[in-house]
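Residue numbers (the working numbering), protein chains in the order written: chain Z, 1 to 222; chain A, 1 to 75.
Heads up, some of the hints might be wrong.
Covered, in the sense of this in silico footprint (three residues per stretch, anywhere, with C-beta under 8 angstroms from a C-beta of chain A), are these stretches of chain Z [stated by the list, open to error]: (1) 102-111; (2) 171-185.
Counterexamples of contact, computed for chain A against chain Z with all Cβ distances above 12 angstroms [unchecked claim]: (3) Gly37; (4) Pro45; (5) Ala48.
Facing chain Z, from chain A, some residues (calculated, C-beta under 7 angstroms) [unchecked claim]: (6) Lys4; (7) Ile7; (8) Leu11; (9) Pro18; (10) Cys20; (11) Ile27; (12) Phe44; (13) Gly46; (14) Leu64; (15) Ala69; (16) Asp70.
Hints were generated in silico from the structure; no laboratory data involved.
Positions of the beta carbon are idealized from the N, C-alpha and C atoms, including for glycine.
The lines below spell out each chain.
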Amino acid sequence: MAVNPQTPIQGPSGGALAPGADAESRSWVEALSAPGALREGRLADLHALLLRAARREAARRRGWLGAVSGPELDDIAQQAADDALMAILRRLDDYRGESRFTTWAYKFVIFEVSGKLARHTWRRQPPAADETVWERLPDRLRARPEHESEQREMLSLLRGLLDSELTDRQREVFVAAALNEESIDVLALRLDSNRNAIYKTLFDARRKLRAGLAAAGHDLER
Amino acid sequence: MDEKPTIDEFLAADPLDPGCDAGVPIIDQYVELELAGEDPALRFPGMAVHLRSCSACRADHDGLLALAADGPEPA
């Protein structure tokens with residue numbers, strides 16, 4: 001574990017916890033805020049917990065973003081646990097006891113595993129194909145039998161709306177994320193952006209496409 | 001969402017969707033409400049909307065829910 005027990009903890013020793021915070025959560029915060037051996041021991045406990053959590057989450061996601069397994073996957077879990085621990089120590093003062101301490105801590109593991117697997121995939125994946133998978137789209141969507149004909153018409157309109165309504169960036173993101181089903185985390189790395197910004201671009205593209213369909217007499221809000 | 005989306009869901013753009021970053025501070029509280037048998041959408045309606053249309057945040061949510069439910073070792 002690459003953690004210096006002298007890493008400073010911001011803020012008071014659990015003084016800002018909500019009155020309803022459970023005893024175990026208080027114990028974690030107090031120990032991690034304490035000086036000396038008590039803190040060192042709990043840091044080791046926390047790192048071990050985070051590592052097990054990271055391994056479980058990495059295993060759960062194995063195969064989603066390409067073939068990652070064995071030592072490579074474990075290395076990602078190790079790095080995720082290390083970085084999650086550092087993030088937790090930096091943010092300890094933000095913890096208010098509104099969830100169990102372990103749930104709050106697992107959140108950092110989840111984000112680290114998610115981010116590291118996306119980066120791993122991005123580094124290894126071939127350049128994105130220019131080809132848009134329009135042909136598969138009808139099969140990916142569900143339509144009630146009475147709406148099948150209208151849905152075919154809407155999908156046909158959609159191709160034109162992509163060119164007429166969207167900015168270049170919105171079109172690029174919509175094609176990659178919505179049509180070609182590229183992970184938005186991997187897409188964010190490819191476009192030097194972040195998940196929230198990519199999602200916002202995708203959201204704006206969807207909103208414009210809905211408006212375009214509505215203008216053509218296919219109001220999805222009905 | 002295991003079922004295929006409708007075109008309405010495929011083009012989901014709910015104005016109540018606050019985006020990905022809004023879930024970061026509250027996702028731990030959200031899953032604990034679920035584990036307590038409560039409806040998290042009552043307290044965090046925006047997050048509930050967002051999870052319906054963001055597969056990346058839904059993956060994070062599902063992983064956190066599993067860890068919060070039975071710890072690092074699967075039940």
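We went through each hint and held it up to the structure:
1. Interface restraint, the stretch 102-111 of chain Z with chain A: holds (8 residues with C-beta to C-beta distance below 8 angstroms; minimum three).
2. Counting residues of the stretch 171-185 of chain Z whose CB falls under 8 angstroms from any CB of chain A gives 4; the rule of at least 3 is met.
3. For A:Gly37, the non-interface assignment is confirmed: its Cβ lies about 15 angstroms from the closest Cβ of chain Z, beyond the 12 angstroms cut-off.
4. A cut-off of 12 angstroms between C-beta atoms confirms that A:Pro45 is not in contact with chain Z; the least separation is 17 angstroms.
5. Every C-beta of chain Z lies more than 12 angstroms from that of A:Ala48, the closest at about 16 angstroms, which supports listing it as non-interface.
6. Look at A:Lys4: its Cβ gets to within about 4 angstroms of chain Z, closer than 7 angstroms, so that hint holds up.
7. A distance limit of 7 angstroms between C-beta atoms decides the matter here; for A:Ile7 the minimum to chain Z is near 6 angstroms, and the interface restraint holds.
8. Hint status for A:Leu11: holds, given a least beta-carbon distance of 5 angstroms to chain Z, under 7 angstroms.
9. Taking 7 angstroms as the C-beta contact cut-off toward chain Z, the hint placing A:Pro18 at the interface is violated, the least distance being around 10 angstroms.
10. Hint status for A:Cys20 relative to chain Z: holds, with the closest Cβ pair at about 4 angstroms, below 7 angstroms.
11. With a least beta-carbon distance of about 6 angstroms to chain Z, the hint placing A:Ile27 at the interface is held under the 7 angstroms criterion.
12. Violation of the interface hint for A:Phe44 is found here, the shortest Cβ-Cβ separation to chain Z being roughly 12 angstroms, above the 7 angstroms cut-off.
13. At a threshold of 7 angstroms, the smallest CB-CB gap from A:Gly46 to chain Z is about 13 angstroms, leaving the interface hint violated.
14. Because the beta carbon of A:Leu64 sits about 5 angstroms from the nearest beta carbon in chain Z, less than 7 angstroms, this interface hint is met.
15. Here the hint on A:Ala69 is broken, as its CB sits about 10 angstroms from the closest CB of chain Z, past 7 angstroms.
16. Annotation: interface hint on A:Asp70 violated; nearest CB of chain Z at approximately 10 angstroms, more than 7 angstroms.
Taken one by one, the earlier hints fail for this structure at numbers 9, 12, 13, 15, 16, listed in ascending order.
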